[in-house]
Structures are given as C-alpha cells and as structure tokens.
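Here the structure of chain A is known, so what remains is to put chain B in place on it, guided by the hints.
Residues per chain, in single letters:
Number of protein chains: 2
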Amino acid sequence: MGTPKTKVPTPSYDKLTAHFQKISHFEHFSALGDWDQAAMMPMGGGQDRGDAMAELALHIHGLKTSDTLAEHLHGAEDESLSTEQEANLREILYQYQQANLVPGDLVQAKTKMAYQCENAWREQRKNNDWQGFKPNLKAVIDLAKEEAQIRGEAQNITPYDALLNKFEPGMTTAKLEQTFGGLKDWLPTLIQDVLTKQANEPKLVLNGPFDISAQQALGRDVMAFLGFDFNHGRLDMSSHPFCGGVPSDVRITTRYNEADFSSAIMGIVHETGHARYEQDLPQAWRGQPAGLARSMGVHESQSLFCEMQLGANPAFLRQLQPKIAQHLNCHFSAQELAQHYTRVNPGLIRVDADEVTYPCHILLRFEAEKAFVDGSLTVDDLPDFWSTQMQQLLGINTDGNYRDGCMQDIHWAVGELGYFPSYTLGAMYAAQCRFAMEKALGPIEALIDAGKLDSVFQWLREHIWSKGSLLTTDELIRQATGETLNGQYLERHLRQRYLGI
Amino acid sequence: MGTPKTKVPTPSYDKLTAHFQKISHFEHFSALGDWDQAAMMPMGGGQDRGDAMAELALHIHGLKTSDTLAEHLHGAEDESLSTEQEANLREILYQYQQANLVPGDLVQAKTKMAYQCENAWREQRKNNDWQGFKPNLKAVIDLAKEEAQIRGEAQNITPYDALLNKFEPGMTTAKLEQTFGGLKDWLPTLIQDVLTKQANEPKLVLNGPFDISAQQALGRDVMAFLGFDFNHGRLDMSSHPFCGGVPSDVRITTRYNEADFSSAIMGIVHETGHARYEQDLPQAWRGQPAGLARSMGVHESQSLFCEMQLGANPAFLRQLQPKIAQHLNCHFSAQELAQHYTRVNPGLIRVDADEVTYPCHILLRFEAEKAFVDGSLTVDDLPDFWSTQMQQLLGINTDGNYRDGCMQDIHWAVGELGYFPSYTLGAMYAAQCRFAMEKALGPIEALIDAGKLDSVFQWLREHIWSKGSLLTTDELIRQATGETLNGQYLERHLRQRYLGI
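Listed in order, the protein sequences are those of chains A and B. In terms of our numbering, the first sequence is residues 1 to 501. In terms of our numbering, the second sequence is residues 1 to 501.
This is chain A alone, in the form it adopts within the complex (with noise of 0.2 Å):
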C-alpha cells in the first residue's frame, strides 16, 4: 500500500518516514503519561510527571524541527512518490511547519504550566475554588497567547486562527463565525420550541443506587457491541471522560454516578466512538503523519456519531435496554430510556448537556477565547463573562458557582485554546456524515432493527476511519458526503427528532 508498482528510490522520504516512525515512539510516552496521569496517577507524582512530559515534548519539539529535515523536505519533493506518500509528505512538512512556528522554550514552558496547573485544578475545581485557580489559569493563558501571536506572526493569520489550526487545519475565525454564526439564528427559537413540546412528557426517575462495578459491566458490554477491540484498549475512570493512547491501544474513562447510570453509558458510547476511529485508522500507516486522525472537528464528528446518531437513535436503545436491565437490574423500556436520551434541559455543564443545548456552550467558549486572545476579556473578568453569557443563552445563573461555571473544563487549565469549536464542528460533522450515510444504506434505524450495525460502521470505516490524514478536511468530507461543511444537516437532524419535521 502506498508504494507505486515500479520502484524507484526515495531517498529523502524514506529519511523523512524513519524520521517520523521515530518520532511516533516518543508520542508513545505523552499519550501514556497522558492518560496515565488522568486515570491513574496520584497527586504526589504530578510534580515529576511534568518535569518529566515537559522534557519529552522539548525533544519532540527537537525532533520535529530537526535541521536535517528540511534538506529531506526539499530533496523528497523531486523523487517519485506515490498520492498516498506525496499526502504523507504533506502532513510530515505541515507537523514540520508547524512545530517550527514555536521555539522549544515556549513548549516546555507550556507543558510544565499546564501539567501544574491541571494537577492543582483537580482539587480547586471540588473547592470551588476560584481564587486558588485564577493566578495558575493567567499564567497558562498567557502562555497560550504569546504561542498565538508567534504563531499567528510567522504564518501572517491572526493569533486566533493559528490556535484554530493546531486543531482544526485549514479553519479560520471567519468561517467559524459564518457557521456558528447561522446557529444562533435558529437555535434559541428550536430551545424554546422543544422545551415547550417536552413539557408534559413524562420523566424518567432514576431509581438507584446503581453499583459502579455493575454500570462498569454494562459499559464493556456495550463497547463490545459497539466493535470496540479490548485486545487494543481499555476502559478505566478519570474525573473528566477522554479517549487516550494509541492507535494499538485505545484507552477511554468515564465517570461513574451511583444515582444515574445514564451520562456514564452514554459517555462511554461517545468515547468509544472516537476509539473506533483510532483503533480502525489504516495500518500501513501507522506511526506516519498520514496515518493520523484527520483532525479534532472530524475526530469528535466520529463521537458524536455514535453517541448521538446512533446512540439516541430508538433502535440502538431498543439493543441497550435488555442490557440495562440484565447488569442493574432495573426495567425501563426502550421507549422510556429514548425519551430520557432526548429530553433537552439547559444545564451547567458542557460535557452533561443534551445535543441541543450543547453548541450555546461552545458558542461562548468560542466568544471567551476569541476576546481573551484580542485581549478584550482577562481571566479576572471571566467569572462575569461566564455568568452573562449563560444567561444570555440559556437562562441560567451561575453566579459563585466557579465549579460548574468557568471552572468545569480542563481544556483552558491545561492551556488548550481553540479546540472548543471541534464540538460543534463535529456535531455538524456527524449529521452530514449520517445523511449521506442514509442516502447510501436507508434508514440507520432500520439497519440496527435489521442486526445491521456493521454496515454503519464499514461506511464509516469506509469513508472516514480508513482515510487517516490521507485527505484534507475538506476534500475528506466532500468524497464521503457530496460536499464540504455544511451546517444546516445539523439543523435538520435536530428538528427531524425534538420536533418531528
């Protein structure tokens, strides 16, 4: 695979491919130390571990900004290469570009800050404690914006749209605002319109307690319903949910309520969603820049696919409930357990929110990002931000409560700015991916009624999981859609289920 039938020497680029296999070994050992301090490690040993992951993204960071590699580039540019080597050769000299943007300083300062930061926020964040939090999120901020105006300067963008890249290539501000934009044109009427349907619709009372170790069960039951390979994975606990590791070894985490096993199941199904895509990325590949993921808007489209449009679909619910009822021991019927997975609810917290709501979370993290880069916001002034805002978009005050307010996600503790669009990306992402995916097969509900779940996942093996980084984004969704980025099948998703046209 990738290797054309007559072969002729590529020197450069078979340096360039040791190169990056090398390099890959390395990020072996960020993604463990990763996860292994989420899942994990205890408190006591996040003072070394930083020592420890700052040391090795210093010399990734090296690795990848290599004076030897742009003799390679260059010399690989003339030899003959294959479209599946000439997209490798792409991806290596876009890692290349990039990492080449930030000096290696600036990258270890980043990695020590925010690994200090994250292992204090665990605690803060059960305190309350914003005080506590403030001074080590304004010096992870800042760090973040002196990364995006270096980054910004050498690429002539702007100093937010180079954060855009590091997640989402090729997405400007522009664009974000065009699309996220048309979302609030609709969006507050559907909130409303839904609400006002759902009112007298029955609600499901969790009766618990619900053993974890039981919800654990369940859990692997339905990651292995869902494909997922546990001869390459794990599923473990960490306080916010995630999909680590690597490609030969996936690892998610959940978080357990013994009250209610609904947000932990269907956390799972999210996740395992983004381990289908790393665990099914194309082989040959492996350890090759092309054979990466494609970005975090398309990584979260494949979450949000199986939580979302498959795992709220009636059918799929109709699977999950014997499998409620045999691990714990309770009796809802599909009927009841759909209505609970589509009930909308404008709540605190991003990660619990019902698909409806979501994007208005992500709207105003999209805002506070923006405006602390611009410098027209400061992390003194984000509690107030936060409660206005929220207010705004969903009616609902926040007011002292930092925990479940500006204090919630771990993204901005661990110096990650940009990546909250992904989200909302992804959500449009799936829709698009589903409506071509019907047009393709009929009906998903009528393909799991059928005992047909493969199918969904070989189209997306198919068209997405397959493809690793061999196609841009945007080429990537047009060759499995018809087009590229197209919010309205969002829209139409939406309103097809919470309201029926």
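It should be emphasised that the hints constitute simulated quantities derived from the structure, not laboratory data. Keep in mind that the hints are not guaranteed to be accurate.
Pairs involving identical chains hold if they fit within one copy or between any two copies, as the list cannot separate such chains.
Lysine-lysine pairs mimicking DSBU-like chemistry, simulated, CA-CA at most 30 Å apart [stated by the list, open to error]:
| no. | residue 1 | residue 2 |
| --- | --- | --- |
| 1 | Lys138 | Lys22 |
| 2 | Lys439 | Lys452 |
| 3 | Lys166 | Lys22 |
| 4 | Lys64 | Lys15 |
| 5 | Lys184 | Lys197 |
| 6 | Lys134 | Lys145 |
| 7 | Lys439 | Lys175 |
| 8 | Lys15 | Lys134 |
| 9 | Lys126 | Lys439 |
| 10 | Lys126 | Lys197 |
| 11 | Lys138 | Lys7 |
| 12 | Lys112 | Lys64 |
| 13 | Lys7 | Lys184 |
This is chain B only, laid out in the frame that chain A set:
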C-alpha cells in the same frame, strides 16, 4: 544539602547533574511503560509498546554515552566538591562507564526482544507451552550472552561477573560462590530438621473464598500500617508482583487468589518494603545517580526485611490479625497466622517459597545462569537441568510441568541474567540489619507490641533509605551493621525462628 559552605563554581559537575536530571526524565517513561505493560496494557498493545520502549532505551543509552560527558567528567575531577557531590560524581562515572560498555544497537535489540518474549510468555506460561517459549528464550539468552561477553571483555572480568555488576556493583562470582557455598553446608540439614519439627503442627485451613476486592482493601490497610504514602504511589494487580514507578509515584502490584488470601497480603507486605525504600530515598538527590537505591540486593533486603523480619514476626501478626478479621470476615488467631507464615514447605514456585527453602530456588537459578553464560547449559537442556536440581535441592519432581518450573519467572524472559542472586543477598542483608537494629533498639517484637513500629522504620530510614547511593554497598552495610556482608546472620535468624536455637 550536598553543597559546600563556600560556594566555589563547579561548571563541569553542574553540567553533569543537569544532563543526568534530563536522563531521569526519560527514565520516568521507561518506568511508566514497564509498570503499564505489566499492570494495565492489553496484549495487542505489546508490539508498539516494545518498539517505543526500544527507541527510548536507545535514546537513554545515547544520553549516557554522549560525547560531551567525557570532557565534563574530566573537568569535574579537578573541581571542589562536597563529599556527597563526590559520591554523585562516582555514580555518574559508573553509569557512564557501564553504558559505554554496550553498543546502542545491542541495547535496542535486547529491549525489543525482551518485550516480544515477555508478551508471548504471559500466554505461553498459562498454557505450559514450552515449545512456543523456547525459541524466544533462546534469542533472549543469546543476546544476554553477547552482552555479557562484551561487558566482561571491556572490564577485564568474567562475562557472568559483568552481568552481576549490572545489578550488584562490585559483586563477583567468586564472592557469591563463597557466600552461597556456605548455604549448601547448613541449609539442607536445617530444612530437614524444620520439616521434622513441624510435621505434627496443625495446619491452617483457609476456608475461602475471600472476595478479591476485600483482599485489596485489606492490602491497602496493611500498606498504610507500614507507612506507605498513597499520595505518592498505588497498588494494582499483575501476574508477577513487583514494585515499579519512580520515587514520587511508586507502583506496587500483587496477585490474588480467591481461595487463599495469605500470599497476596504477604506479597503486598514484601512490595511495600521495596516501596518505602523508594519513597524515602533522599529528596535532595532526586533525579541524580546518588539518589537512586543502592543495588538490587539492598533493595531486596528492604522488601525481605518487611516480609520476613517484620511480616512473619508474631507481634506483627498480632497487629494483622484484627485487620484480616475485619476485611475478610474470618477469625484466625495470631498464633495460627504465625504458624502459617512460618510453615516450611518445599514447593515448585520461587515467589511462593518460605524463607527457609527460598535460597534453594536461587541456588538453582545461579547455577543455571552461570552455565548459560559459560556455554555448558543450553536452553534445550534447561528442563532436564531444572528437574535434576529441584530433585537434588528440594526433592521435588518437575518433569513436564514447565509453567511451574523453568517458565515460572519473568527474569530470563526479559533477558535479566545476573539478577537472581540479589534475592538471597537481600535475605542476608535483611537478617544482618535486623541483628544490628535489635542491638540498638531491643527486640523488634517488643517494639511492635509497644506500638513503636515507626522506630524500626526510622532505623531503616537513617541507615539505609536516606543514603541512596551516596555510599558503596560494602560501606553502606558496614556503617549500618558494623561489618560487610556476612551470611551467618541469615543462618542465625533461621535457626532462631524455626528451631528455637
């Protein structure tokens, strides 16, 4: 600490310490990768992990043999250093010399092969699959022999001495043969005498099942009683109990048996001994060679002190008894536990052996390793060698039982030849420490009964743990006990405890 009162510039020494601090950051990930592989990693992740570990080992090897080090080592010789800095320089030089003995490609090949062999071994051992294991073991042993040859020639010592020195700096085959030779004179008779004495003593019947999670909770309770710091460490499960991680985050494991809690719990006591040593290494020397544990023999002396000198002490078992009763809801008397934990029972498995027959398992492995290295034993002949030796030493037949015979240990599977003698050296050092400690503090039994267990740990902290590698092994033991290694204390201990003389 470690800095002379009048600060004289030490530029070369400072460069060395910065360089070894960096090395310790990469070694952090070796430790994490090893722990994770044994305690967490799914089988399918093994290939990538092995490749990544090999890359990391090569990188660390490169750092330890870096061209600039010779110059700084030379420069540091003329600098004005404190006694402790001199000791650190001695350890830096030793690490540099040891690393320079072996070419990087052999380091990488060994790491890769060890990971491959270990991963397969985990399944093969379960299946008693000697034929499957044999070719892997051959490859690993061949690489270990190559390493021994290269190391021996360069240091002008025998190949097996060169392997011993990796784990026990300064140890020689001659010294071991003399010390272990002494064992052969008195141990077989002692075993027979003890078996005769215990023949009619009542045996504890463990009326399980004992819930695994209850055993885990009991284990954590015992760890806390022994002063394990859970802010800087964890307890997990693995098929082969071990202590790993880094001093700020020490990871111990055990394995559980539903039918019999006693080995899991005493395994935890053993690993807690290792862990306390690591957690109490000198803070001021963290990340420097002088801050590392002294040797594998000294390390094992701390775990065996915990397990044998403390754990099997009747006073300790009087403390353990109510904890067992509480967690496992079973009511054995302290007297019954003491009989159980001092029961001598020649058996197949080294890690399950009592302290009286344990040295026989080491003698067998010591003889086999020497014979592998000098070529008088091949992997093909290992099962026969094993059977013959087990018959001679313990009167046990192991024919055809590979999983509980020559496939039981992980050490050879990962290419660690020269390590096994450390276990019996540890038992000897532990007994020697106990007699020295009791000379100063009075009997341990009385200390525990008086609630002064901490004074035992205080003695170990002062004489062993806080010294790191600031002293040579001989000097460490001499300062702690008044003399260098003396195997007679182990004999005295065993005669006292098992024959009452």
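Hint check results:
| no. | hint | in the structure |
| --- | --- | --- |
| 1 | Lys138 with Lys22 | between (35 Å within a copy, 28 Å between copies) |
| 2 | Lys439 with Lys452 | within (16 Å within a copy, 76 Å between copies) |
| 3 | Lys166 with Lys22 | both (21 Å within a copy, 28 Å between copies) |
| 4 | Lys64 with Lys15 | both (13 Å within a copy, 25 Å between copies) |
| 5 | Lys184 with Lys197 | within (20 Å within a copy, 87 Å between copies) |
| 6 | Lys134 with Lys145 | within (16 Å within a copy, 57 Å between copies) |
| 7 | Lys439 with Lys175 | within (27 Å within a copy, 79 Å between copies) |
| 8 | Lys15 with Lys134 | neither (46 Å within a copy, 36 Å between copies) |
| 9 | Lys126 with Lys439 | neither (47 Å within a copy, 50 Å between copies) |
| 10 | Lys126 with Lys197 | neither (36 Å within a copy, 59 Å between copies) |
| 11 | Lys138 with Lys7 | neither (54 Å within a copy, 37 Å between copies) |
| 12 | Lys112 with Lys64 | both (19 Å within a copy, 24 Å between copies) |
| 13 | Lys7 with Lys184 | neither (54 Å within a copy, 65 Å between copies) |
In this structure, the earlier hints numbered 8, 9, 10, 11 and 13 are contradicted, and the remaining ones agree with it.
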